[in-house]
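J.: Make the full structure from the sequences, and use the hints.
If you want the building blocks of each chain, they are given just below.
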Amino acid sequence: MMGNLLEQMGVDRDRIHFSWISSAEATKFVDVVKEISDKVRALGPNKKFVKDYIK
Amino acid sequence: MTEKNIKIVSFLCNWCSYGAADLAGVSRMEYPADIRVIRIPCSGRMSPKFILSALREGADAVWVSG
Amino acid sequence: MDTCIEKIRAIGADLLAEGTVEKVIGFANGSIPMATRPVALTSEKDMDKLVFNSVCGLNLANYVSKNSLSKKEGKIAVVAKGCDARNLVTHIVENQISRDQIYIIGVPCTGMVDKRKIAALFEDEITGFEEDNDTLTVSSPSKTETVKKSDVLRHNCRVCTHRNPPVYDVMAGEPVEEQTLDQPYEDVDQIAAMDPDARWAYFEKLTENCIRCYACRNACPLCYCPTCFVDESGPQWVGKGQNETDVTTFHFLRAFHCAGRCTDCGACVEACPMGINVRDFTRKLNKDALELFGWEAGLDLDKRPPLDVYSPNDPNDFIK
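Residue numbers (my numbering), protein chains in the order written: chain A, 1 to 55; chain B, 1 to 66; chain C, 1 to 320.
It should be emphasised that the hints constitute simulated quantities derived from the structure, not laboratory data.
Take the hints with a grain of salt, since some may be wrong.
[Unchecked claim] To be clear about the criterion: a stretch of chain C counts as covered by chain A if any three or more of its residues have a C-beta under 8 angstroms from a C-beta of chain A, and this derived list gives those stretches:
1. 186 to 193
2. 198 to 210
3. 250 to 256
4. 284 to 294
[To be verified] Cut-off 25 angstroms, straight-line C-alpha distance, at most; resulting in silico cross-link-like pairs (DSS-like, lysine-lysine):
5. C:K205 to A:K51
6. C:K320 to A:K34
7. B:K7 to B:K49
8. C:K45 to C:K23
9. C:K240 to A:K48
10. C:K287 to B:K49
11. C:K240 to B:K49
12. C:K205 to C:K240
13. C:K149 to C:K115
14. A:K39 to B:K49
15. A:K48 to B:K7
16. C:K149 to C:K49
17. A:K28 to B:K7
18. C:K143 to C:K115
19. C:K320 to A:K39
Ideal Cβ placement from N, Cα and C applies to all residues, glycine included.
T.: Dropping the structure here:
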């Protein structure tokens, strides 16, 4: 629901990720990191919800 | 900030994903260096405040993993 | 609507005379026309102070939790519209009060009026306000206008589907007919149809006048935390100034704390001195709660709120 409200406010859905990985699933961990990283790279830097001094 | 330098703030549960990250590390697996890991004692410690805080402080994305 | 008030007063007087309750929380006329204020009355002689009309926009459930935090107090009677009663149920479900601490005087409600809409008809100050069923007569030094109540209803009352209290000890009138709506969340869908940057701009524009007075928080019966996240200083989650990011963060988190609990009573919008429709945030959450969990807050004393319990049927598509 939080993701949905952020989306409603115009933050890209691909900036918030949730996952469930067991401590034995190192390969899944690597896959998920790659996937998220690719998605976020495609979006570029975030400009929303950021404090001025960071921008 | 260039496209190559993105920051993904990751909240990893001590018992699940943090363990997976550790295992990935000792297994010498390669993965993108964009994530900044924050270990939380349990996924239940997670709060919406953390996500907003991360975004406010300049994270490009947030990843919560149990 | 005006017919209810005699009944409310009679019930209140009886309850106080019998000693069933220690006090009665209801609405009284405010110091200016077209305004009401909450009152807690302890004597049956004061009952004629109670009013119930179309400008009782605040939510009285708010005053119960803040009143009865010390459990020593006796029973309290509350004059409750549909939404007030739903918020009382929410309080009970969230263990803020127990069911036997309150006596709910249910009032069937035909909606409250949007004072800003009426004020917009006048250039000068409103000095008189009368209502007779569906006709409102509003006057100022320069003119008198007659408006139909249904034309100036608040948006949340227009889309309200729970006008009668779902839980009550006594009803002060015949239940009114509930509305059925084809598209209850049209406003949310309109925003959702915009592209992400336009949505972001919409919410930036919406909150640009916010003065961070926290009236929306204080008017909300759901906001009873002893220390609100905006007042926390270690760590400080959100800055206290009028910086855009801080304002949006505040509104986002305030709304999110109401997820699955909000009854869309409109007290936040009523209280806002800057006329910000803060319901744009909570409405989306209400819509999601209904669509994802089939949940509307405050209807049932025995059901736990969706974000409170785990169910195997919970939607989990968002988890990888």
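J.: Each hint: holds or not?
T.: We went through each hint and held it up to the structure:
no.	hint	in the structure
1	186 to 193	holds (count 3)
2	198 to 210	holds (count 6)
3	250 to 256	holds (count 3)
4	284 to 294	holds (count 5)
5	C:K205 to A:K51	holds, 17 angstroms
6	C:K320 to A:K34	holds, 13 angstroms
7	B:K7 to B:K49	holds, 18 angstroms
8	C:K45 to C:K23	holds, 12 angstroms
9	C:K240 to A:K48	holds, 19 angstroms
10	C:K287 to B:K49	holds, 22 angstroms
11	C:K240 to B:K49	holds, 15 angstroms
12	C:K205 to C:K240	holds, 19 angstroms
13	C:K149 to C:K115	holds, 11 angstroms
14	A:K39 to B:K49	holds, 23 angstroms
15	A:K48 to B:K7	holds, 14 angstroms
16	C:K149 to C:K49	holds, 24 angstroms
17	A:K28 to B:K7	holds, 20 angstroms
18	C:K143 to C:K115	holds, 17 angstroms
19	C:K320 to A:K39	holds, 14 angstroms
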